[in-house]
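> Chain by chain, the residues:
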Amino acid sequence: GDSVTQTKGPVTLSEGTSLTVNCSYETKQYPTLFWYVQYPGEGPQLLFKVPKANEKGSNRGFEATYDKGTTSFHLQKASVQESDSAVYYCVLGDRDTNAYKVIFGKGTHLHVLP
Amino acid sequence: EAAVTQSPRNKVAVTGGKVTLSCNQTNNHNNMYWYRQDTGHGLRLIHYSYGAGSTEKGDIPDGYKASRPSQENFSLILELATPSQTSVYFCASGASGRNTEVFFGKGTRLTVV
Chain Z
10 GDSVTQTKGP VTLSEGTSLT VNCSYETKQY PTLFWYVQYP GEGPQLLFKV PKANEKGSNR
70 GFEATYDKGT TSFHLQKASV QESDSAVYYC VLGDRDTNAY KVIFGKGTHL HVLP
Chain W
17 EAAVTQSPRN KVAVTGGKVT LSCNQTNNHN NMYWYRQDTG HGLRLIHYSY GAGSTEKGDI
77 PDGYKASRPS QENFSLILEL ATPSQTSVYF CASGASGRNT EVFFGKGTRL TVV
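For the protein sequence lines, the chains are Z and W, in the order given. According to our numbering, the first sequence is numbered sequentially starting from 10. According to our numbering, the second sequence is numbered sequentially starting from 17.
Simulated from the structure, these hints should not be mistaken for laboratory data. Do not take every clue at face value.
[Said to hold, decoys possible] Straight line, CA to CA, 30 Å or less: simulated DSSO-like cross-link-like pairs of lysine-lysine:
(1) Lys65/Z <-> Lys86/Z
(2) Lys34/W <-> Lys17/Z
(3) Lys73/W <-> Lys58/Z
(4) Lys37/Z <-> Lys81/W
(5) Lys65/Z <-> Lys37/Z
(6) Lys58/Z <-> Lys77/Z
(7) Lys61/Z <-> Lys115/Z
(8) Lys122/W <-> Lys17/Z
(9) Lys73/W <-> Lys77/Z
(10) Lys37/Z <-> Lys77/Z
(11) Lys81/W <-> Lys115/Z
(12) Lys58/Z <-> Lys27/W
(13) Lys37/Z <-> Lys73/W
(14) Lys61/Z <-> Lys27/W
(15) Lys61/Z <-> Lys34/W
[Claimed, not checked] To spell it out: a stretch of chain W is covered by chain Z in this simulated footprint if at least three of its residues, at any positions, have a beta carbon under 8 Å from a beta carbon of chain Z; those stretches are:
(16) 54-68
(17) 106-113
(18) 121-129
These numbers were taken from a predicted model, which means no experiment stands behind them. Built from N, CA and C at the ideal position, the CB exists for glycine as well.
For reference, chain Z alone in the conformation it holds in the complex (with noise of 0.2 Å):
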């Protein structure tokens, strides 16, 4: 079946540095791929969506590109924040029989040092 793979954390940055966080998936179908970011005591929420292959996404200077070659779908950002520290979870929406069905991976908790 369907499934996420990614960057197993904590991961632990100085503010300034940049940040990847790697992400592989496996779909037999054409998915949307999601960024989710969830913060302390908060549901998970969108960060970006990409729903075509060789397409990027990007918000609040995060950003990924789909890559459907490679099945991977990584996040990047040029300088971290400390305001940035929270989970990130790379997401795989796609179509299963009669609902649309959301895949998450195991999340990735990031720690931003100031």
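For chain Z, the structure is supplied; the task is to place chain W on it using the hints.
Below, chain W without anything else, positioned relative to chain Z:
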């Protein structure tokens, strides 16, 4: 702004007891989902629904039942709660269509003692 409300926010239950977690959405979304979140496992799908009257098994359905009596409401039922079901549970809703995002509630922290 899409709204998903979960109740209760915190619950302590006894082993062997029945627990019902409720979720209400005002987004008029067809699809609703129940996940549990545990350290080291991320979010795992328990049950989902594509409309009133429907429920489908997710990846870890054992020990859980779901009920979707209306478009707005989706419940998760633990008939015989066990300590292994201690977790944080999230409900989410989403529109039909492959490109749509899902919207999450704030979660319910369940402790089974």
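> Determine for every hint whether it applies to the structure shown.
Do the hints match the structure? See the list:
1. Distance hint between Lys65/Z and Lys86/Z is fulfilled; the C-alpha atoms sit about 13 Å from each other, no more than 30 Å.
2. Proximity of Lys34/W to Lys17/Z is assessed by CA-CA distance (about 35 Å); at most 30 Å being required, the pair is judged violated.
3. Of the supplied pair hints, the one linking Lys73/W and Lys58/Z holds, its CA atoms being roughly 25 Å apart against a limit of 30 Å.
4. At most 30 Å may separate the alpha-carbon atoms for a hinted pair to count; Lys37/Z and Lys81/W meet this at roughly 29 Å.
5. Taking the CA atoms of Lys65/Z and Lys37/Z, the gap is about 21 Å. The hint holds against a cut of 30 Å.
6. Proposed proximity of Lys58/Z and Lys77/Z is supported: the alpha carbons are some 15 Å apart, at most 30 Å.
7. Straight-line distance between C-alpha atoms of Lys61/Z and Lys115/Z comes to about 23 Å, which keeps the hinted pair within the 30 Å bound.
8. Between the alpha carbons of Lys122/W and Lys17/Z the distance comes to roughly 24 Å, so the proposed pair stays at or under 30 Å and holds.
9. For the proposed pair Lys73/W and Lys77/Z, the alpha carbon gap of about 28 Å is at most 30 Å, so the pair holds.
10. With a C-alpha separation of about 11 Å, the suggested pairing of Lys37/Z with Lys77/Z holds against the 30 Å cut-off.
11. Simply put, Lys81/W and Lys115/Z have alpha-carbon atoms about 23 Å apart, close enough for the 30 Å limit, and the pair holds.
12. Among the hinted pairs, Lys58/Z with Lys27/W is inconsistent with the structure: their alpha-carbon atoms are about 34 Å apart, more than 30 Å.
13. Among the hinted pairs, Lys37/Z with Lys73/W is consistent with the structure: their alpha-carbon atoms are about 20 Å apart, no more than 30 Å.
14. Only pairs whose Cα atoms come within 30 Å are accepted, and Lys61/Z paired with Lys27/W is rejected, the gap being roughly 41 Å.
15. The straight-line distance between the Cα atoms of Lys61/Z and Lys34/W is roughly 44 Å, outside the 30 Å bound, and the hint therefore fails.
16. Remark: the region 54-68 of chain W is confirmed as covered by chain Z, as 9 of its residues place a Cβ nearer than 8 Å to a Cβ of that chain, reaching the required three.
17. Coverage of the region 106-113 of chain W by chain Z holds. Counting CB-CB distances below 8 Å, 5 residues qualify, and the rule asks for three or more.
18. Here the region 121-129 of chain W counts 3 residues with a CB under 8 Å from a CB of chain Z, which clears the bar of 3, and the coverage holds.
Hint compliance for this structure: hints 2, 12, 14 and 15 are not met, and every other hint is.
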